[in-house]
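> Construct the entire structure; sequences and hints are all you get.
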Amino acid sequence: MVEELVDQIQDVTVEEEVPNRFLRYAKYVILDRALPDARDGLKPVQRRVLYAAHELGLTHKKPYKKSARIVGDAMGKYHPHGDTSIYEALVRMAQHFSMRYTLIDGHGNFGSVDGDPAAAMRYTESRLSVFGEMMMRSIDKETVDYRENFDNTEQEPSVLPTLFPNLLGNGTEGIAVGMASSIPPHHIPSLYEAVFYMIDCMEKGEAYTIEDLIAIVKMPDFPTGGTIINKADIEKAYRTGKGRAIVRSKYEIVENKSGTSKILVTELPYAVNKASLIKKIDELRKLEKIEGINHINDDSSRKGMSIRIDVKKGFNPNSIIQKLFKMTDLQASISMNHMAIFEGRPKQFTLLDSLETFLTHVSTVLLNENQFDLDKAEKRMHIVEGLIKALDQLDGVIELIRKAKSNDEAYAGLEKIGLTNEQAKAVVAIRLISLSAENQQKYIDEYGELSEEIQHRQAIMTDEAVLYEHIRTRLKEASEPFEGERKTDYHEMSSRIDERDLVPSKDLIITITANGIVKAVETSEYSASNRNTKGQSAKLKDDDAIEFMFTVNTHDDLLIFTDAGRCHLVEAYKLPISTKAQAGKYLANYIDLDNEKIVDILPKKVNDDKDILLITKQGTIKRIKLSSLSKRTKSTRVITFVDDDELNDAVLIEAEKQHLITLTANGKALRIDPNSERKCVRPMGRHAAGVKLITLLEGDYIVKSVVVEPKKDLIFITEKGYGKRIETDQFGVKNRGGQGVKAITVNERTGVVVDCAGIRDEELFIATANGMLNRIQTNTIRRMGTSASGVSLIDLKGDDTVLNMTPSQKEENIIEESEVTEQPA
Numbered sequence: 001m002v003e004e005l006v007d008q009i010q011d012v013t014v015e016e017e018v019p020n021r022f023l024r025y026a027k028y029v030i031l032d033r034a035l036p037d038a039r040d041g042l043k044p045v046q047r048r049v050l051y052a053a054h055e056l057g058l059t060h061k062k063p064y065k066k067s068a069r070i071v072g073d074a075m076g077k078y079h080p081h082g083d084t085s086i087y088e089a090l091v092r093m094a095q096h097f098s099m100r101y102t103l104i105d106g107h108g109n110f111g112s113v114d115g116d117p118a119a120a121m122r123y124t125e126s127r128l129s130v131f132g133e134m135m136m137r138s139i140d141k142e143t144v145d146y147r148e149n150f151d152n153t154e155q156e157p158s159v160l161p162t163l164f165p166n167l168l169g170n171g172t173e174g175i176a177v178g179m180a181s182s183i184p185p186h187h188i189p190s191l192y193e194a195v196f197y198m199i200d201c202m203e204k205g206e207a208y209t210i211e212d213l214i215a216i217v218k219m220p221d222f223p224t225g226g227t228i229i230n231k232a233d234i235e236k237a238y239r240t241g242k243g244r245a246i247v248r249s250k251y252e253i254v255e256n257k258s259g260t261s262k263i264l265v266t267e268l269p270y271a272v273n274k275a276s277l278i279k280k281i282d283e284l285r286k287l288e289k290i291e292g293i294n295h296i297n298d299d300s301s302r303k304g305m306s307i308r309i310d311v312k313k314g315f316n317p318n319s320i321i322q323k324l325f326k327m328t329d330l331q332a333s334i335s336m337n338h339m340a341i342f343e344g345r346p347k348q349f350t351l352l353d354s355l356e357t358f359l360t361h362v363s364t365v366l367l368n369e370n371q372f373d374l375d376k377a378e379k380r381m382h383i384v385e386g387l388i389k390a391l392d393q394l395d396g397v398i399e400l401i402r403k404a405k406s407n408d409e410a411y412a413g414l415e416k417i418g419l420t421n422e423q424a425k426a427v428v429a430i431r432l433i434s435l436s437a438e439n440q441q442k443y444i445d446e447y448g449e450l451s452e453e454i455q456h457r458q459a460i461m462t463d464e465a466v467l468y469e470h471i472r473t474r475l476k477e478a479s480e481p482f483e484g485e486r487k488t489d490y491h492e493m494s495s496r497i498d499e500r501d502l503v504p505s506k507d508l509i510i511t512i513t514a515n516g517i518v519k520a521v522e523t524s525e526y527s528a529s530n531r532n533t534k535g536q537s538a539k540l541k542d543d544d545a546i547e548f549m550f551t552v553n554t555h556d557d558l559l560i561f562t563d564a565g566r567c568h569l570v571e572a573y574k575l576p577i578s579t580k581a582q583a584g585k586y587l588a589n590y591i592d593l594d595n596e597k598i599v600d601i602l603p604k605k606v607n608d609d610k611d612i613l614l615i616t617k618q619g620t621i622k623r624i625k626l627s628s629l630s631k632r633t634k635s636t637r638v639i640t641f642v643d644d645d646e647l648n649d650a651v652l653i654e655a656e657k658q659h660l661i662t663l664t665a666n667g668k669a670l671r672i673d674p675n676s677e678r679k680c681v682r683p684m685g686r687h688a689a690g691v692k693l694i695t696l697l698e699g700d701y702i703v704k705s706v707v708v709e710p711k712k713d714l715i716f717i718t719e720k721g722y723g724k725r726i727e728t729d730q731f732g733v734k735n736r737g738g739q740g741v742k743a744i745t746v747n748e749r750t751g752v753v754v755d756c757a758g759i760r761d762e763e764l765f766i767a768t769a770n771g772m773l774n775r776i777q778t779n780t781i782r783r784m785g786t787s788a789s790g791v792s793l794i795d796l797k798g799d800d801t802v803l804n805m806t807p808s809q810k811e812e813n814i815i816e817e818s819e820v821t822e823q824p825a
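In the numbering used here, the protein residues as written are 1 to 825.
None of these hints come from the bench; they were simulated from the model. Do not take every clue at face value.
[To be verified] Restraint ranges, calculated between C-beta atoms of paired labels, are given here:
#1 G785 x D644: 34 to 40 Å
#2 D298 x R486: 23 to 29 Å
#3 R486 x E525: 51 to 57 Å
#4 P481 x Y64: 18 to 24 Å
#5 D594 x D799: 28 to 34 Å
#6 G72 x V12: 37 to 43 Å
#7 P481 x K605: 52 to 58 Å
#8 K605 x T240: 35 to 41 Å
#9 R782 x D594: 41 to 47 Å
#10 T240 x S635: 34 to 40 Å
#11 S363 x N407: 41 to 47 Å
Note that the Cβ used here is the ideal one computed from N, Cα and C, for glycine as well.
Rendered as structure tokens:
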């Protein structure tokens, strides 16, 4: 015997055997475990659980039985892979938050949306639901093919004769070898509507397209509700079979009388664990990654889901919910990968493919059912016909049967008078009561009814129009239990959440040095002081100096204009916030200046739609639309120079009545109306050179240009720290191209003018070449005339000089933030 076994041993290499075994395993996993059948939308384990429940007679009107009984029958007869996987499949088919239309009616603890597991199968009870029972209708009429079970002792259906589109209706998830399936659930009444539309088109001989079906089906419908926000992506998935659905939680914002507010979340995206979500939000609150959340609580009950997020006073709940969408599963991306088994192999399905496959399956089931009923009717009609013949010659038939010595002799005698063997057996078995005249008429009436039924069923088999009508009638009957509204709605909105919404709104002082160091410091870091004080150190290196300073909010964009006529865009929130004692970061980390010098930086609100006035050092002005700057390109050319000119200033202008005042180094000022009928400044393309603004005397050049605003004065500052405050009304409106008027007396003591700004009574920041910053109150500076040279605004030491200045915008930003907070939810 050992020698026989040795003779059977074969030498094979691992390289040859492993691929062969793995391919066999992969095929088994794909076809018999992980992927659903495209016809009934079920995996083998689900189909076996439902069939086992059907064999036990557990319809939706019968008493429940222990789930262990169904699991035991399914495992012992059809699915020998352990009770755990079988019970998990049964539990999922009973969970209302997992299945859009549950196929199992469960009694007991079947888990929860918090991720709680179901009770053991010895405790729970189950039966088929209305929808599960519908999948079994007409299964006893030879409507589907059967196959041998694992030990060839039982027969199991290869597919269920469902008349509702379960593949799309309940969806599925499965991971096989090298492929996966993820089909979201849908609103079945909409699917039926699409199928009826297909039938109508086929009846009329008209073509239907996938676009027609998409317009009817619209989008998935999840059992947990939510709001879909990416309709275009879903439509693409219906066309290709692959895509994703982005679902947001449904919520409402409730304002409390105390001035606080709360966010009430009532629906979550599909398959999101509520308990884990609440834990995640609470962690973000504790770590202060999301500011403004005071408390989070789960107020869910039998009445429905409710997650309450209490918002602290002064915080915008709309901003908080946007951050939660970004950082938690309050917004989830759900895969759409329509992969299913079709004709024994996996196939990627479009929406059109899925509905056509379902309709073909329905046609096959109904034709098989009709053939079964036709054969049954013909068989019964044959028997009734024999009974009627026998009753027409009743006395002779009775005499023949009475004289017969055996049943076989009776059958033979009846066959001689024109009856078949089947008819003869039916006549012999008839009861005496059936020989009455009344019953004779019943047989005649039944014969007529059977004749009509057979004629109708034959028409279904042969006439296409009758078949379509039959399919429509049966599907309408099947669709009645599915009436109801959609649970998931749709709103068109961007799925992208702006990162700036995740950053707290703060007012910053931005400084840029000669060596290209940028530093963002909160305005609260600098304490206010009186004029003619020393200021506070900005902690620069010995060989460095501040070249530019401005105030900005973290939610703004920065438009950085350079002398080369280019505009670089930087999001303010990307600049690291530091203290005044820290050194800062190199600006080259954020933009590529390529030997350019920054001449101006404009804070830009995200939705600003203004114009920009560009002023060159030699007195040229150009107007461009802010919207003409690319939102994608981080660097854009905005002006073309004549001769050796360079960009000196960039100014935002919005109101048609706004004027511009331009100041030169020698103290000349020109006020113009850019919108005047004569010599106005019209918007130009990004590559235009502009027009003449001011005529400059030899050695003079443009220093600064500011927009004239109501109730604002102008403040000038010279390189040696002298400044002057003057009312804008002292400058009359002139045509562009003039020389301007005297604005400040410039001499050896004051030095040339270096900067100018419009102010009310806010604070003013002054930066020096040696790295000093002074913060002063402008209401301490009195107004002067055009001839005055001003007063000392900063006490300079040694050869230090003023570089520039900027007014604080803190008060304005607080007002704007308050307005946003008070917007209705």
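> Compare the structure with each hint and give your call.
Status of the hints after comparison with the structure:
1. G785 x D644: 34 to 40 Å: Given a distance of about 36 Å, which is inside 34 to 40 Å, the answer is holds.
2. D298 x R486: 23 to 29 Å: This hint holds: roughly 26 Å between Cβ atoms.
3. R486 x E525: 51 to 57 Å: At 54 Å between Cβs, range holds.
4. P481 x Y64: 18 to 24 Å: holds (20 Å)
5. D594 x D799: 28 to 34 Å: holds (31 Å)
6. G72 x V12: 37 to 43 Å: Distance hint for G72, V12 holds at roughly 40 Å.
7. P481 x K605: 52 to 58 Å: holds (54 Å)
8. K605 x T240: 35 to 41 Å: holds (39 Å)
9. R782 x D594: 41 to 47 Å: Because 45 Å falls inside the window, the suggested range holds.
10. T240 x S635: 34 to 40 Å: Distance hint for T240, S635 holds at roughly 36 Å.
11. S363 x N407: 41 to 47 Å: Roughly 45 Å apart at Cβ, these two residues keep to the hinted range, so it holds.
Violated hints for the displayed structure: none, as all numbered hints are satisfied.
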